[in-house]
Amino acid sequence: MRPEQIVEATLFASQAPLTAEELARADDELTPDAVAAAIDTLRAAYEEQDRAFQIYELGGGFQVLTRPEFAPYLERFDSVPRPPHLSGAALETLAIVAYRQPIGRIEIEEVRGVGASSVLRTLTDWELIRVVGRGEGLGRPLLYGTTDRFLEHFGLRSLDELPSPEDLPVALAAAE
Amino acid sequence: MESSTGQDVTEREAERPRAAGAPATATAGGESFFVELERFRGPLDLLLHLIRSQDIDIFDIPIARITRQFQVAIGDGLAGMPLERAGEFLEMAATLVRIKAQLLLPRPEPLDWEEDPRAELVRRLLEYEHFQDVVHVLQTAESQRGRHFARGYVEPRPPPRLQLPPLETTLEDLLRAAAAMPRPRPAAAFRAPSRPVTVEEKVSLLRGLLARARRVAFDRLVRPWGTRAHAVAALLAALELARRQVLRIEQASAFGRIWLFPVRAPRAAGAAGSTETGTAEEAE
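Chains as they are written, first to last, in this note's numbering: chain A, 1 to 176; chain B, 1001 to 1284.
Isolated chain A (complex conformation) (with noise of 0.2 Å):
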């Protein structure tokens, strides 16, 4: 069997993103760089066949996804769940915690100006921020960052992929 068609073979059968590594172990050959190799050969050869899926790159792990312009079908079957989409208040506190991570729940809601421990629990049940640490001073508090789940749900490869923060409208400018 040729290093594609294993590759092809495990990302087929899984409903997960899966690591390079996880993918090399399909095989003793494989190596987690013959499997980028492959993962490259394989989004080539679907992109020249214009397949109605891809492979696509999801918080370190790669995944076969259909593409964006089969929604439409697909919508039609919508008696399994689907992730929820998330509230202004979770969206908020995930955008400070992607930022400024490892980040404390006192420092969270100094910028919302909100409490934020219910949906610091939310989050965490979801699995889209975990504890990372414990900071200094008083009550040594909890930190959070983000998870791969977050990146999942968001479809980035890594945090690097959201804009920097002199890209964004708002950049946190000096007063003149």
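Hint data in this document are derived by calculation from the structure and do not stem from the laboratory. This one's a predicted model, so the numbers in the text were calculated from it and none came from an experiment. A few of these clues could be false.
Where chain B lies over chain A, by a calculated footprint (3+ residues, C-beta under 8 Å) [unchecked claim]:
#1 20-30
#2 66-77
#3 84-91
#4 120-128
Glycine included, every Cβ here is placed at the ideal spot set by N, Cα and C.
Given chain A, put chain B in place with the hints provided.
The following block gives chain B in isolation, referenced to the frame of chain A:
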């Protein structure tokens, strides 16, 4: 920057269709405005809305006017709010009043920006607005991701009710097995107490049969009596004799017929080793 933030505010307004609570129409300083407190995620969100929707220069906020508007906006909504959330709005109202008071103090010369009582509030507002941009980026990413579907999305068919038997069976096998079943005996008109069956009895029966035949079908030991006690006794007898190496048991396939072969003395071993079928010597 000004145009993009203006657009941002209107877009954020459009994102809040799930407004609840009665809208408050307030008139403050001559301008009429319209606020649904429920739509705002907190005091910073409301304050930013007041500033951006009136095209106010964030570095020169008319504190008196904004404070008045803020107070009017929260006035009606606070009553229905959970205490904690109401407290968050009240804290901001108090901050605004404090800043207003500080600005009223007489000063010998104009303030530097660093000394301006509004500076800290402006920093927080800008920071908050910055994260609203991030929220916007995340929202876009989330809806783009929502247009990709993974395997398993389309509902799987319900699993079949009936589990297939674990055996490889054909219809023919099934019919043959059914035909081979002993017919249920008609209910007896009277029931005589049955004689107890002993394993020893079956052992001697088996020995007798094996002495005269090349092989014996196991069901022959059971069929004439057809009761469970006979079947159990016959099985134990066969196992006992197999253990004593008087006979050996063979079954060619699962649920096939069980054959018992006598283990002969060495002189006849060659003949006994054969499993040829169809000879006249079979005891059936």
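- In ascending order, which of the hints set out earlier in this document are inconsistent with the structure? Hints 1 and 4 contradicted; others consistent.
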